[in-house]
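With the hints as your guide, set chain B onto chain A.
2 protein chains.
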Amino acid sequence: MNRDLLFKQIQEKSSYLCVGLDTDPERIPRHLLREKDPVFAFNKQIIDSTEQYAVAYKPNIAFYEALGPAGWESLQKTVEYIPDHLFTIADAKRGDIGNTSRLYAKAFFETMPFDSITVAPYMGKDSVTPFLGFENKWVILLGHTSNPGSMDFQTLQVNNQYLYEEVIRKSSEWAGPDQLMYVVGATRADKIKKIRELVPEYFFLVPGVGAQGGDLEAVSRLGFNDHCGLLVNSSRSIIYASSEKDFAAKAGNAARALQEDMSDFLNQFL
Amino acid sequence: MNRDLLFKQIQEKSSYLCVGLDTDPERIPRHLLREKDPVFAFNKQIIDSTEQYAVAYKPNIAFYEALGPAGWESLQKTVEYIPDHLFTIADAKRGDIGNTSRLYAKAFFETMPFDSITVAPYMGKDSVTPFLGFENKWVILLGHTSNPGSMDFQTLQVNNQYLYEEVIRKSSEWAGPDQLMYVVGATRADKIKKIRELVPEYFFLVPGVGAQGGDLEAVSRLGFNDHCGLLVNSSRSIIYASSEKDFAAKAGNAARALQEDMSDFLNQFL
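Sequence lines, in order, name chains A and B. Note that my numbering gives residue 175 to position 175 of the first sequence, counting from 1, and the numbers run on in steps of one. Note that my numbering gives residue 12 to position 12 of the second sequence, counting from 1, and the numbers run on in steps of one.
No lab work stands behind these hints, which were simulated from the structure alone. Treat each hint with caution, since some may be false.
It does not matter which identical chain is used: a pair holds within one copy or between any two.
To be verified - List time: in silico BS3-like cross-link candidates among lysine-lysine, alpha-carbon distance up to 27 Å:
#  : residue 1 : residue 2
1  : Lys77     : Lys13
2  : Lys36     : Lys245
3  : Lys77     : Lys36
4  : Lys193    : Lys106
5  : Lys250    : Lys191
6  : Lys44     : Lys106
7  : Lys125    : Lys8
8  : Lys194    : Lys36
9  : Lys137    : Lys44
10 : Lys193    : Lys250
11 : Lys250    : Lys36
Quick caveat, the model's predicted, so the values are computed rather than measured.
The shape of chain A in the complex, shown without the other chains (with noise of 0.2 Å):
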């Protein structure tokens, strides 16, 4: 997908809402348990429930490697459920030499069909640009995190500024924003306002709206650019709404109410 799709999915809408499809098959409803692939079966329905809601779906791809060949079975078959007009991230935070990141890029690129994939910047310029050769595939490169280990090693100082600062700065250099975006966390709403800086055309994914704190007004207000250049995650407080058989409708409701929270957003702020 490229951009200006995205960004026409966002206006027709009005939501930039990612939903996190951290699927666990301890948590999902019991009844579910029955059906011959159960982490598909709740996918289904929460995608179903969710769509007219969300522009992207993140599959955070340690669930399903967690649990074996079995899980890139339900992982395969719903990233090919999820309607093409919708952009698809394999949250799988990877990168290794040139000849592996190849590898993976494939992977997620060719034998499954997501848009994009996230990436970690540690090893360079040669561990990210593998994924950057396919065309309307993307690269959302982890920039600031919201865990609480992101003040380890991001917040360093190098020349005068944040390495995360250092890490947006020269990976602009390897591709423009119609290929990369960057993961920026949203505990930190205060420093998205000069990364917005930093990179004015970029897309940021936002993760931590919801369970993991983070305040959507700030956010939206912060970080959008012309393009709304945002696309805020919300995984457990709507695919756990409700672990009953309601599930899917409780899903669809907290999605809804955040998209309402967007659509002013975008009045307001864009």
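What follows is chain B alone, placed relative to chain A:
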């Protein structure tokens, strides 16, 4: 596996060789493609012909992941086939927020019986510690890698040292040398001495001998500690020593040649 057992292996075999299983269906001998699981058939013969010269095996997870669910089946069979007294490394370079890292740990330490996993440090302590809660299982954290991109961020100056030195110094507070190792690239043998001074007790996993260049003699002389402290990996120069029916025998020869050098260096420098 614990550190004493690993060192005992090293002494008994006079070897600190790790064989990298970067198994690519397009590079394995053609006759194996008639097998039901060509990747596993290849790995099995490579393991049989090299295990007397090696102390560790390191499947590069990207190669399996690129093949979809079938690749995970091959990986699972491979790690289960490797004899228990050999150290197994999932070269996966994972790392995510706490609850997600826990699932990656489950994938590699429970669903599959790996002894260790490579982990990327960018997300900090809570992305690493979930891998440390398993008895006799190890984290191998990226310190200084051997690829060109290792100069993009790892060698930035922070607090009057390189970023990778700060990563190693700080992370060594999270776990001792019985649970934590570091990836230290062999193309920078001059730097190994300094890293060895920083963390005298820890094992280093050294990629980059063979196809990536690197000087085994210098790495050994500068990197040994009193438990050897090195695992030196070679992938392509062993497993692709021949593309004919003699591939396993040729792989054994290539592994033996490296082991003989290692035996000399253990006698000279340890």
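Review point. Going back to the hint list, which numbers does this structure go against?
Key: Hints 4, 5, 7, 8, 10 are the ones this structure does not satisfy, whereas the remaining hints hold.
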